[in-house]
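The whole structure should be built from the sequences, with the hints applied where relevant.
The primary structure of each chain is shown beneath.
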Amino acid sequence: MSNELISSLHHIVVTPEFILLLAGIIVLIVDAFDGDRRPWLAPCLSLIAFLLAALLMIGFPESHGRIFFQAYTHDTLADIMNVLFLASGVMTVLSGWNYISRWAGESGTFYGLVVLAVMGMMLMVSASELLTLFVAVETTTIALYILSGYFKREKWSAEAGIKFVILGTVFSVILLFGMVLVYGATGTTVFTEMVSGAAKSPFPGSQIVFFGGMILILAGLIFKITAVPFHFWAPDAYTGAPTPVTAFLSVASKASGFGVLIRLFYGSFNEVPGLQSFLIVLLVALAGATMIVGNLMAIPQKNIKRLLAYSSIAQAGYMMIGLSAFSEIGMSSILFYLAQYVFATFGIFVVCIIVYNHDQSDDLTAYEGLSKRSPFVALVLLVCLLSLAGIPPLAGFIGKVYLFTAGLDKGHYLLVTIGILTSVVSVYYYLLILKRAYIEKGHRQDVLTVPHAERLALWIAMAGVILLGLLPGLVVDRVQMTGEFILGLIK
Amino acid sequence: MVPLPHYLIFTAILFTLGVIGVLTRRNAIIIFMSIELMLNSVNLTMVTFARFLDSMDGQVAVFLVMTVAAAEVAVGLALIVAIYRKKDTINVDEMHIMQG
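Chains V and Y, in that order, are what the protein sequence lines are. First residue of the first sequence? That's 203 in our numbering, and the numbers climb one at a time after it. First residue of the second sequence? That's -4 in our numbering, and the numbers climb one at a time after it.
Because the hints were derived from the structure by calculation, they are not lab data. These numbers come from a predicted model, not from an experiment. For glycine and all other residues, C-beta sits at the position ideal for the given N, C-alpha and C. Honestly, I wouldn't trust all of these hints.
Claimed, not checked - Computed footprint of chain V on chain Y; a stretch qualifies when at least three of its residues, placed anywhere within it, have a C-beta under 8 angstroms from a C-beta of chain V: (1) 23 to 31; (2) 41 to 49; (3) 56 to 64.
As the list claims (entries may be wrong) - Taking CB as the label site, the calculated pair distances span: (4) V:GLY675 - Y:TYR79: 15 to 25 angstroms; (5) Y:THR84 - V:ALA234: 26 to 36 angstroms; (6) V:LEU672 - Y:THR84: 52 to 62 angstroms; (7) V:PHE220 - Y:LEU59: 13 to 23 angstroms; (8) Y:VAL42 - V:SER398: 18 to 28 angstroms; (9) V:PHE270 - Y:ALA65: 20 to 30 angstroms; (10) V:GLY675 - Y:LEU18: 42 to 52 angstroms; (11) V:LEU257 - Y:MET28: 43 to 53 angstroms; (12) V:LEU258 - Y:ILE8: 48 to 58 angstroms; (13) V:ARG355 - Y:HIS91: 12 to 22 angstroms.
What follows is the structure, given as structure tokens:
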């Protein structure tokens, strides 16, 4: 066994994660000693680390396998999710470049924490053992707690941080309790051995304990993806956190939750009798409620970050349609939707950052006359919002078509109807923002200057949304291979 | 030996007490103490299962969980200090600048 542990495969599989771990620590140390003289060093180092990790992952596509005594799985699902995490890490660094140094002064810690959080998310998606999963979840969330309270002199940020840390810790404990119950009922912590473990039922009534554990694990993950009924923390945490962190939370943190849900419920537990039909009922009900609550609550919002928080709750609802389908197309549609969601959401938040750097305001009124002040920024806002709303030919449209098809395949007609109707509602409040940007005359006429880092981020976001819309095959083909791979391997 | 259900009922009661504490107490530090109560009930469950299943996984896990919990509380207390400097209170009912 020890021979297996040190075989070369293991090193290749975890190299991207290891690079990020090293980079995170180096960034923190370099910033502590040299942050005042060379403030550009920390963001540059983190960008290099992200690119290096991505190159290694693309360079060794055959590094798939299970390692560390089945505790860690590297497959196409992990590959795709990792690319999404690295992309959102790059976007967070780019969008925070000016914002953080301008509003927080000392800035290097921010980048170190982003790198470590991305590493935690990569561990989360690959973890296929309960304790590994728990430690990965905690690595991520602790970094996120610090990030959301990063502006400790602003009462907004401190309040967002403390709300997030209290609720996050409670739900971490609930997640852990669920894991412990599952461990007790199956006698193992490794995902692949659980189905046989549950069949053995080590003590009378272990079936009930197992189901209870599953519900608690689901509750902990629903908190992460901000779905109803555990969405209430999101608006406050998203509004108060620094805007790059808000974007990171609403994209990467949510994506990691979906990654874990797919890993848990699509592969390992498919064969436990009764579990899947039970989960379908639960997920369908929650998906419907999430779409309705998210979209209706977004309408009256006056603060763009709060509006986007509710909109991101609604987006989680759409992705849950794919989750509740429990099919290959359901899974590939979630991954495709997540891919476009990363680019579209970051595009909008970078616009928010540019506007905030100029006007110190997140109010919707600050967006009046945006198209006159900077046509390019307004155009990116237009493209990204329309993609989230699901207007063809942008990527969001194709993503929604996939999700709804996955739902219809399994006969969730009511759920898909709710999805379509609430999409129409979402078009309404997205257009309200665009109306301010394009039609209304603002009281500020000064030109918005866009620094290089933000400009690059805007181009990446817009290119991502349009490219995925025109060539969905880029992701979908790979994702479809994933479906076969995951369902084939884990069963 | 004390049978398994006794342990499980006991930890369930501890866990519920923790949840009640989180829901009803308004002082941020007491909320954190209640969270610790929940965590300890989880740890106890873990040890119980490890004993009854005759496996070491649960026992080892307790150490991991305690370490993680310490890290979490360190961040939480730091944030409580930050907000106390800002608002002169750690009553969670008074943290309501964001609404709607």
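Hints versus structure:
1. With 4 residues having a beta carbon nearer than 8 angstroms to a beta carbon of chain V, the stretch 23 to 31 of chain Y meets the requirement of three or more and the stated coverage holds.
2. Chain V is given as covering the stretch 41 to 49 of chain Y, and this holds because 5 residues of the stretch bring a CB closer than 8 angstroms to a CB of that chain, at least three being needed.
3. With 4 residues having a beta carbon nearer than 8 angstroms to a beta carbon of chain V, the stretch 56 to 64 of chain Y meets the requirement of three or more and the stated coverage holds.
4. Restraint check, GLY675 (chain V) to TYR79 (chain Y): a C-beta distance of roughly 54 angstroms breaks the suggested window 15 to 25 angstroms.
5. Remark: the range hint 26 to 36 angstroms for THR84 (chain Y) to ALA234 (chain V) is upheld by a beta-carbon distance near 32 angstroms.
6. The beta-carbon spacing between LEU672 (chain V) and THR84 (chain Y), approximately 54 angstroms, falls within the hinted interval of 52 to 62 angstroms.
7. For the hinted restraint 13 to 23 angstroms between PHE220 (chain V) and LEU59 (chain Y), the CB-CB distance of approximately 20 angstroms keeps it satisfied.
8. At about 24 angstroms, the beta-carbon gap between VAL42 (chain Y) and SER398 (chain V) stays in the expected band of 18 to 28 angstroms.
9. Between PHE270 (chain V) and ALA65 (chain Y) the beta carbon distance is about 24 angstroms. The supplied range of 20 to 30 angstroms therefore holds.
10. Distance hint check: the CB atoms of GLY675 (chain V) and LEU18 (chain Y) are about 49 angstroms apart, consistent with the given range 42 to 52 angstroms.
11. Between LEU257 (chain V) and MET28 (chain Y) the C-beta distance comes to about 47 angstroms, which sits within the given range of 43 to 53 angstroms.
12. LEU258 (chain V) and ILE8 (chain Y) have their C-beta atoms about 50 angstroms apart, which keeps the hinted 48 to 58 angstroms range intact.
13. For the hinted restraint 12 to 22 angstroms between ARG355 (chain V) and HIS91 (chain Y), the CB-CB distance of approximately 19 angstroms keeps it satisfied.
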